[in-house]
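Chemist: Please build the complex by placing chain B on the supplied structure of chain A, with the hints as guidance.
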Amino acid sequence: MRAHLTIKDHFRETKLFNVRAITSVVVSIALIVVIVARLVYLQIVDHELYATLSEDNRFHIRAIPPTRGLIYDRNGILLAHNFPTYALEITPERVKNMDETLQDLSQLITIDESDLSRFKRELKRNRPFKAIPIRTRLSDEEVARIAVNRHRFPGVDIAAELIRHYPHGGLGVHAIGYVGRINEKEKQLIDESDYDGTDYIGKTGIEKYYEDILHGHVGVAQEETNATGRRLRVIEQVPSEPGYNLRLTLDAKLQQVAEEAMGDHRGAVVAIDPNNGNILTLASTPVYDPNLFVTGIDRKTYQELRNSEDLPLFNRALRGRYPPGSTIKPFMALAGLELGVVESDVPTHCPGWYRLQGDKHRYRDWKKQGHGAVDLDTAIVQSCDVYFYDLAHTLGIDRMAHFLFPFGFNYKTGADIFGELAGLMPTSQWKRKTRGQPWYAGETLIAGIGQGYTLITPLQMAHSTGVLASYGKRMQPRIVGALENANSGEIKPIFPIEESPVPIHDKENWHKVLTAMERVVHYWRGTAYRAIGKDAPYKIGGKTGTAQVFSVKQDEEYDEEKVDERLRDHALFIAFAPVDAPKIAVAVIVENGGHGGSTAAPIARKVMDYYLLDLEKMDFSQQNAQKTAEKTAKNPS
Amino acid sequence: MSIFDSSLGDFSQASRTQPNAWHVDLPLMLGLLILAVTSMFVLYSSSGQNIDLMWRQAIRFALAFVLMVTLAQIHPDILKRWVLWVYVAGVILLIAVILFGDVGKGAQRWLNLGLFRFQPSEMMKLAVPMMVAWYLSEHSLPPDGKRIFIAVLIILTPVMLIAKQPDLGTALLIAGAGFFVLFFAGIRWRLIVSIVGLGAACAPVAWYLMHDYQRQRVLTLLNPESDPLGAGYHIIQSKIAIGSGGLFGKGWLNGSQSQLNFLPERSTDFIFAAFAEEFGLLGVLILLTVYLFIVVRGIMVAAQAQDTFTRLVAGGLIMTFFTYVFVNIGMVIGLLPVVGVPLPLISYGGTSIVTITASFGILMAIHTNRKLLPR
Chain A
1 MRAHLTIKDH
11 FRETKLFNVR
21 AITSVVVSIA
31 LIVVIVARLV
41 YLQIVDHELY
51 ATLSEDNRFH
61 IRAIPPTRGL
71 IYDRNGILLA
81 HNFPTYALEI
91 TPERVKNMDE
101 TLQDLSQLIT
111 IDESDLSRFK
121 RELKRNRPFK
131 AIPIRTRLSD
141 EEVARIAVNR
151 HRFPGVDIAA
161 ELIRHYPHGG
171 LGVHAIGYVG
181 RINEKEKQLI
191 DESDYDGTDY
201 IGKTGIEKYY
211 EDILHGHVGV
221 AQEETNATGR
231 RLRVIEQVPS
241 EPGYNLRLTL
251 DAKLQQVAEE
261 AMGDHRGAVV
271 AIDPNNGNIL
281 TLASTPVYDP
291 NLFVTGIDRK
301 TYQELRNSED
311 LPLFNRALRG
321 RYPPGSTIKP
331 FMALAGLELG
341 VVESDVPTHC
351 PGWYRLQGDK
361 HRYRDWKKQG
371 HGAVDLDTAI
381 VQSCDVYFYD
391 LAHTLGIDRM
401 AHFLFPFGFN
411 YKTGADIFGE
421 LAGLMPTSQW
431 KRKTRGQPWY
441 AGETLIAGIG
451 QGYTLITPLQ
461 MAHSTGVLAS
471 YGKRMQPRIV
481 GALENANSGE
491 IKPIFPIEES
501 PVPIHDKENW
511 HKVLTAMERV
521 VHYWRGTAYR
531 AIGKDAPYKI
541 GGKTGTAQVF
551 SVKQDEEYDE
561 EKVDERLRDH
571 ALFIAFAPVD
581 APKIAVAVIV
591 ENGGHGGSTA
601 APIARKVMDY
611 YLLDLEKMDF
621 SQQNAQKTAE
631 KTAKNPS
Chain B
638 MSIFDSSLGD
648 FSQASRTQPN
658 AWHVDLPLML
668 GLLILAVTSM
678 FVLYSSSGQN
688 IDLMWRQAIR
698 FALAFVLMVT
708 LAQIHPDILK
718 RWVLWVYVAG
728 VILLIAVILF
738 GDVGKGAQRW
748 LNLGLFRFQP
758 SEMMKLAVPM
768 MVAWYLSEHS
778 LPPDGKRIFI
788 AVLIILTPVM
798 LIAKQPDLGT
808 ALLIAGAGFF
818 VLFFAGIRWR
828 LIVSIVGLGA
838 ACAPVAWYLM
848 HDYQRQRVLT
858 LLNPESDPLG
868 AGYHIIQSKI
878 AIGSGGLFGK
888 GWLNGSQSQL
898 NFLPERSTDF
908 IFAAFAEEFG
918 LLGVLILLTV
928 YLFIVVRGIM
938 VAAQAQDTFT
948 RLVAGGLIMT
958 FFTYVFVNIG
968 MVIGLLPVVG
978 VPLPLISYGG
988 TSIVTITASF
998 GILMAIHTNR
1008 KLLPR
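These protein sequences, in sequence, are chains A and B. Under this note's numbering, the first residue of the first sequence carries the number 1, and numbering increases by one thereafter. Under this note's numbering, the first residue of the second sequence carries the number 638, and numbering increases by one thereafter.
If you are wondering where the hints come from, they were derived from the structure by calculation, not from laboratory data. Hints may contain errors.
[Claimed, not checked] Listed next, the in silico DSBU-like pairs over lysine-lysine satisfying Cα-Cα at most 30 Å (straight line): (1) A:15 x B:783; (2) A:187 x B:801; (3) B:1008 x A:15; (4) A:15 x B:801.
For reference, chain B alone in the conformation it holds in the complex:
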């Protein structure tokens, strides 16, 4: 047994003795609820005390949590049986999007199903890591070269389709999700380093293939002042909001940047800036601690999972969650280019909440359906 396991000994004992009729993992639930409540407070302020908007978000949270608990009831074996079909359906839908999709903001991302519009790429955020986990778990780990190659194909097929929409941000995040599963499956460090190296080598090619607006975002990141009217405006205003928050923040409802509408997208992608302005560095540290707590708890769920499939799924999903957190905050504080990634469970909007709670539903299902036997 590794050091890791022994250090977690107490925790795992505790949860193992817990009879859990609802299949809910309390630590995860606690973390997610803290985020949801925080979200309501921040939104109330950033939206200019818009009660309607808060209600809409509250209803979304309620529905998403119901979905999460529902998913938690499903035994992982059932998921394992279904994952191939979900993945195949997802790829077909992505092709359909390219052929018949609606164009929104210059990119085809939506499939109009008559009653509602559906974004297949969102579904793939879960389906891709699960598919890779399923494929790799059928054989012993670490995977050999051939299996890694096929796993990479499984990842790249939807990624290419999504990049073509074009939605480079989502495509990269899904590629990342698949990569995490490979990582947990134990592919060699040398291979990991060479993949990263290859990625860096591909950067000039990617630059060439990028759309103008995407290049602009990268350039803006390097020098936001170069385009103060366009893309740089977001980052400049966001930095002013965060920086002016200081150690203690300006206080709830007192953030002048967000209250006076200087900060763009302050309820959605840039909500972290509004949070940092009003609650300061201390508030941010608490928020980051909550995220870290959730991530660590998720990794624990993965470590305690009883078979390879669930272990890889749990690891892949939780690291994807962390990636969202890091990419969003990194973008808002000017470390990464502006990509449209919301701050998990804090930003306004339904789609990302559903995807994230669904992945936590799966994590809970994995954790609470273990056979209560010593390993």
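Isolated chain A, as found in the complex:
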């Protein structure tokens, strides 16, 4: 012991400790008395009650899974529903010899390896007396065979189960998404008891984003069962609450028009109503059949989808990040005007190239011989690069970026679909942070024509176009317009969210840019005139774009035809119509489609034609929608 401890008052310390020791013994005894009191209450006072309960622990609690909400398009066309199938379930505790039972069952119906392994996996972590499915989607014949032999299999039951089905297959799959079996990771995130009896969960798209709303709430039934587990009667039950039905802003027919217009091209079409942010179409091609994923896709099909060169599983509309190319020019022009860097009637000379001071590099225009004297209008109509090199150089990257941010560049739109990615609008600070390098003036130039680091997603581009077309009014894109109570049919609309508008310096500037966009389509020298402008029955504002494909895979095999096609530029087109009072804003991207004007613009035109001409003529009153819904409900397939 050390010297300073000798001055301790040992007697006092010991005494203090002893008092505490006695206290702790007394408290311990008191707590044990509490336990004993509780036990006396349970084991003596309430013994009768619990003895009875234990005697009848034949009573059995069963989950009643809720019915998943349906998904309708804006006109009541059914896009996702549930249809009844039969599953074979086993309650392990009621089975005497599991191996034998499985053996016998497999002689009646087909039970393959994957069924067995899944069953065994579930068996290990099952709660007592909970039935585990061994086979799903039994055929009528299989159901009959089991029913006849049922007495041979105590603990084996046929259970009706609702399985998600997408009646239109791949139509709009990248917007709607699909459900699939709940995996381990998802189990961590959900309230497991609410998913008792439910095997499926939204995996992507709307199905995932609105999982909570679509799922509903589980119900409970207390049942009396006999010794082998057959239900005798329901003692008490709390019914399940079905999930809400979703009414989308998406128009299924317009979606179909868009997807058909894309043909065999890879790419994306997004159409938004700029007045309220309603997403009318969200197409990414090629599509795939979501029904394959619901009960578990087989390995071979999955590998095929995954490894396909066309990447059908890739959601281009939400996650495809492309250089905007010349479609950025109207926004740039507006930046120049609003920030007072250019005047609309002061022309710039375009010799076909642009050079920075003290730099030998020539930044080329797409038109080799140059455009000559170019004012703002011509620069947009003919898509002159040199004009925008100069404009970007004067603006500088940071002012440019900060002007474009409110239009949605660099950010997610926040639309209510799972999986959206943000685009990218570089700033000098961004480059320093992510690359550790300073910003170079040359990079500003190519950013001015939408190349370089700048990336957009089709959804964001449609949104940005809408904001531009409606003079800075910013409506957050959204795809679910209303929730419908599945029991009462009561409809709760979801109101569109208006964000603070883009500040306007001079409305005239906006008007000039929008007029120039109109002339891109309707003026004979406009880049989209020949493709769609000549015969357009209503006024369209648009801008073509071409994005260089600079990422060519090194290890790609040499195949002349294919490589050539894949190396072609992406074609882009943004548009809105009618110019005076826009009802639709569209962004189209066709991968390797070549020029925006010839490939992408006609697709946008078809979408707008259908929406503005054909659709207007149709009668989509509430009644009609109801009728369609009922009809589809009656014939699910």
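Modeler: Showing chain B alone in chain A's frame:
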């Protein structure tokens, strides 16, 4: 001398005259052996006569008792010299768990050391009270405000790290272990009351910080019927098992709740319910008496310890042991929320047995290494 000492006079005389070459304290050993044997019987029944499982548990008990006797040979002065380093190593390992730990059941608790997985929080159950005891014993008691503050820091550092894993149950138990040492060190009642008061005041904050599943457990405790499929299922079935046991129990191997698999986790955390069903209130009273006997004996060891460090360690460890007993039984009978605390030396599983026998090894070392001199 206090009343307490004089009342224990006979006992202490007896053990003092005992030459103890093995450094084993017979009363404690007796109590622990009764528990181990009881455990084997209950497990045999609750596991559905699973001989394999019993063998595994028997081997664990054997190894754990060997560990206990081994620890009993170590002189407390050596422990005192090592405790700081064990504590520091433990904190480093806890940080390592957060950085590189394996995730098991949604929480990072394990450190994978290649050959085996290791749970540093388990080690801290011993290291934290010993560290606090070491720190406080260097100076005279009761500790002043500054020392209490540092002692609280010593406790809260690992507790926060463990709570972050997240393993709130273990974190609270370790905080409790540290608190007991402070309690035995003689901090003022007023301070104790204010700590408890502060804890109660923090409850709404804790509620806000809790994970969903933790909130669910608290809600379920208040009203188990609200969630009969999920968390409430355990408590409902456990109450049925206990209540149906009655005064005399249904008899060994006859508990229908446990035999028919209604009772979940009946060999691990909920084994008390299986015990109460088969042996009834009388059996439970005997079991509780054994636990109380061990606790009282442990407190006696603490009271007879010859220096401040060993006294505080012994007091802290034995009260921690009692806390485990109370928290587990309290949870099974529906007085406390469901936290994953096994019933000491009865529940199936190795980790908790090792920690508990290790702490009894230390208690025995403290008791049998006293200098045989009158105080």
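Chemist: Look at each hint and say if it fits the structure.
Modeler: Taking the hints in turn, this is what the structure says about them:
| no. | hint | result |
| --- | --- | --- |
| 1 | A:15 x B:783 | holds, 23 Å |
| 2 | A:187 x B:801 | holds, 21 Å |
| 3 | B:1008 x A:15 | holds, 20 Å |
| 4 | A:15 x B:801 | violated, 39 Å |
Checked against the numbered hints above, the structure breaks only hint 4 and satisfies the rest.
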